[in-house]
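S.K.: Given the sequences, and given the hints that come with them, work out the whole structure.
Keeping their order, the protein sequence lines are chains A and B.
For the first sequence, position 98 matches number 98 in my numbering, and the numbering has no gaps at all.
For the second sequence, position 90 matches number 921 in my numbering, and the numbering has no gaps at all.
No wet-lab data here; the hints were simulated from the structure.
Accuracy of the hints is not assured; some may be wrong.
[Claimed, not checked] Beyond 10 Å from chain B on every Cβ pair, some chain A residues (computed):
| id | residue |
| --- | --- |
| 1 | Lys658 |
| 2 | Phe795 |
| 3 | Asp805 |
[To be verified] Cross-link-like lysine-lysine pairs, in silico, DSSO-like; alpha carbons within 27 Å at most:
| id | chain 1 | residue 1 | chain 2 | residue 2 |
| --- | --- | --- | --- | --- |
| 4 | A | Lys468 | A | Lys658 |
| 5 | B | Lys910 | A | Lys323 |
| 6 | A | Lys456 | A | Lys439 |
| 7 | A | Lys323 | A | Lys443 |
| 8 | B | Lys910 | A | Lys439 |
| 9 | A | Lys323 | A | Lys251 |
| 10 | A | Lys565 | A | Lys581 |
| 11 | B | Lys910 | A | Lys468 |
| 12 | A | Lys468 | A | Lys456 |
Don't be surprised by glycine CBs; every beta carbon is placed ideally from N, CA and C.
Here are the chains, one letter per residue:
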Amino acid sequence: MSRNLVVAGHGMVAQRFLEAFADRGPDGWTVTVLAEEDRPAYDRVRLSAWFDSYDAADLDLGGAPAGVELRLGQPVTAIDRDRRVVSTPAGETPYDVLVLATGSRAFVPPISGSDLPGVFVYRTIEDLEQLKEWSTANGRRVGAVLGGGLLGLEAANALRLLGLETHVVEFAPRLMPLQVDEGGGAVLKRHIEGLGVTVHTARGCAGLEGGPDGVTRMRFNDGGELAVDVVVVAAGIRPRDELAEAAGLAKGPRGGFLVDDACATADPAIWAIGECASLSVAGGDGVCYGLVAPGYAMAEVVADRLTGGESKMALPDTSTKLKLLGVDVASFGAPFAPGLDVVVTDQVTGVYAKLLLTDDAKTLLGGILVGDASAYPTLRASLGGPLPAAPLAMLAPAGEGGAKMDLPGTAQVCSCHAVTKDHVTDAIAGGCADVAGLKTCTKAGTGCGSCIPLLKQLLAAGGVAQSKALCEHFTYSRQELFDIIRVRRVTSFSELVSEYGSGRGCDICKPAIASILATTNPGYILDGEQAALQDTNDHFLANIQRDGTYSVVPRIPGGEITPEKLIVIGEVARDFGLYTKITGGQRIDLFGARVEQLPVIWQRLVDAGFESGHAYGKALRTVKSCVGETWCRYGVQDSVGLAIDLELRYRGLRAPHKLKSAVSGCARECAEARSKDFGIIATENGWNLYVAGNGGFRPRHADLFLTDLSTQDLVRYIDRFLMYYIRTADRLQRTSAWLEAMDGGLDHLRDVIVDDSLGLCAELDAQMAQHVTAYADEWRATLDDPDRLARFVSFVNAPDTPDPDIKFEVERGQNVPTRQGPVPVTIGGAR
Amino acid sequence: MTITTSTAYWTTVCAYDRLLPERGVAALVDGVQVAIFRTYDGDLYALGNRDPIGGAQVMSRGIVGDRGGVPTVASPLHKQVYDLRTGECLDLPGVLVPTYPVRCEGGLVEVLVDRL
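M.R.: Right, here's the structure in full:
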């Protein structure tokens, strides 16, 4: 007979439990989840990422496993242990086994005014939605966060992104008092103040004042005051253990369902996991853990126990590594325990690091890193064992010495999924050749992702070559070649390949080098040796089709076109028998042009005021737009005008891959800007800039990068975004893959092109200015020069004879290539 | 007794200077489409212009380079690479394009197309 397993709650830990349970394939269970929230489990660790997209789907964890009945909006309100039944507002559900995973709630300290409108907590997607709606309403200017811990700093970043003047109020004398010590706190504070956030440490809130229209003032315990429009309370969390008392279940000293190291309560039918559990290991006091990794470990233990296993919780690892307001912060092991410490404070670069060792200096007990946490994966994996290298060498910036790889096999590489070095090296020996493979095989790197650098090192140590060579002719990556060409002022492929490569190039390196040369030496791309580097599309300034004909795409900036120009396109298409189709980028593609027809077709287009649309190039394609405020009753800005300006600014810009853009005149987003490499959405106050979106093969929504920009600032940041991409991306790497591969991701990008952390901005600006000045229409430049026109012949010895193999038939009133049967392939053999 | 009659003869297609280094041109020789390439060193090669995979007459528009020192051209349709000396496809064993003798005589490029 089937047994009933009931799970109370559907958060990250419950989801992990359900997956772990399902993975073990137990028979004879009916699994029901009773959840309070109206949405299935989502990634609360990445809650703040909601501000990147305002799309809850980005945080989705994939829903309950197949076969599990998930009842949303049905919180468990009582447990009847005698009858083994739980109650929800909808009725009763019997259980044989009950797993409590009710999580925690935000703690709001008892201060007056905490119930005023405009006071929020930071816990659920709904909290964030309400916070955003309130904060972006007119006139809201100043926001304050109560609590300078991990969550408080996340909330501060959210207020900052919402455009508010931001304050952080922390009662303790330093930020993140639970994770970092005084020295680390001071470095962290300096970083965060550098972002324009005001930090009030050693200061308590005595009360909030305001009225029905919202909070207006925060009073401090030292008598000071601050005028505020928004307050976020991030003063910690408390376990959701309301069910305990009525059910007669014991609680821990600071709340939470008291469980032993098997996560079992005193009732053998009831278990508790995650933040609602007060875990007592080896008879110690119960402790609630507000981190996901211990919660996941508890989920695994209970799943194992229910399927006949005997696993137990060890004392959880509370190590954390995160990026708060762009600052790396990591804390691992027991950084406050007595022992010998090694401390490095670099006030110049804003880096603080502390390692704590046993008195014999042989065993690593813990540590704190602020400003640069690149050593974290190795250090965390070395906890409880000897350091793989001298302490100072371990802390040296970006020190990737081989010594670091001497981790013991049992060292935990991925703490989210408890994956050891042995697991990873076994997977590599079994054929995993990249990070993606390791993620699939071992789950390592699929949690917080902080161990990915270590996975890369293990791959390298395992002899898996992570070659960055462009092709057989160059051992350099595209980025390195870009730097060589720029710094050494290389102007030709031959010069480059003879000094820095070998052989005569191929279809991989030649177009890539041509693209780099187009940036470093702007101008006509088809003169001299450069002509031989281009793919056929660039070589003939048109797009080759399957039958060897080409398609022609005149530029229609922003998708705006006069009736006269539309008529010219129609006449040209009719006169040359071209198949006509509207593209996804709001322009018109004319198909079926033979190579010798291209100049005649373009002469007519250029005479009518058209220019090249660069549909053939790895270059800016279009800036699509909605009609905007000119006509649309919802529009708040002139999206068409901006789209035209941007398209004209970046036309002809060569890049590692094609570039697409769009501008929407309001948040309804009719131009689909978030599927573009750079997308712009109008706001009441200016423009929001989104970057690194993609449609196509692997769709990705663009990330919100900057908000409420003036047009001038918007253009400046797009200039730098594009130039930084052009300089540093791999060949054929779209902006989305480029950003995802970037160490530090969006925050790093912001550091480089907003805060100028690499001192590059002036160069990027100058390079874009050079592009804008040097731009000339390639088709006009071609038509004006008989030498350049010479290549547009069908046959060198019969320039006016059309290729006799090109044949059309008529389909739906237009010419299309004649479809032959399967194309014969000449098979080698006797000739 | 069999008498073999060869109608092959050298056809002049263009001036040598008309060819760009590491680029090709198409020529029509008595109905046969030929792709003629000039390498960086100045050598000449001639292949059939038809891409045997895609079926279109486009080989002359491919990128010329080398693979392991072997002079090559890549099809502009799907980038398969062919040995300019033998016409063999280096990516798909067994696939071939025809080759034709080609030479430079008095500054003119001549190709020999055998029409037996």
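S.K.: So is A/Lys658 really clear of chain B, every C-beta pair being over 10 Å apart?
M.R.: With a cut-off of 10 Å, A/Lys658 remains clear of chain B, as the shortest Cβ separation is near 17 Å.
S.K.: If we take the beta carbon of A/Phe795, is the closest beta carbon in chain B still more than 10 Å away?
M.R.: 4 Å, violated
S.K.: Going straight from one Cα to the other, do A/Lys565 and A/Lys581 come out at no more than 27 Å?
M.R.: Measuring from Cα to Cα gives roughly 16 Å; hence the hint holds.
S.K.: Is it true that the CA of A/Lys468 sits at most 27 Å from the CA of A/Lys658?
M.R.: 21 Å, holds
S.K.: Compare the distance between the alpha carbons of A/Lys468 and A/Lys456 with 27 Å, and conclude whether the hinted pair is satisfied.
M.R.: Judged against 27 Å, a Cα distance of about 13 Å means the pair holds.
S.K.: Assess, step by step, whether the Cα of B/Lys910 is no farther than 27 Å from the Cα of A/Lys323, and give holds or violated.
M.R.: 43 Å, violated
S.K.: Compare the distance between the alpha carbons of B/Lys910 and A/Lys439 with 27 Å, and conclude whether the hinted pair is satisfied.
M.R.: 32 Å, violated
S.K.: Assess, step by step, whether the Cα of B/Lys910 is no farther than 27 Å from the Cα of A/Lys468, and give holds or violated.
M.R.: 21 Å, holds
S.K.: Assess, step by step, whether the Cα of A/Lys323 is no farther than 27 Å from the Cα of A/Lys251, and give holds or violated.
M.R.: 34 Å, violated
S.K.: Holds or violated: A/Lys323 with A/Lys443, Cα cutoff 27 Å?
M.R.: 22 Å, holds
S.K.: Are the Cα atoms of A/Lys456 and A/Lys439 separated by 27 Å or less?
M.R.: With Cα atoms ~12 Å apart, A/Lys456 and A/Lys439 stay inside 27 Å; holds.
S.K.: Beyond 10 Å from chain B, beta-carbon-wise, is A/Asp805?
M.R.: Check fails; 5 Å does not lie beyond 10 Å.
Violated hints, in rising order: 2, 3, 5, 8 and 9; the structure is consistent with all others.
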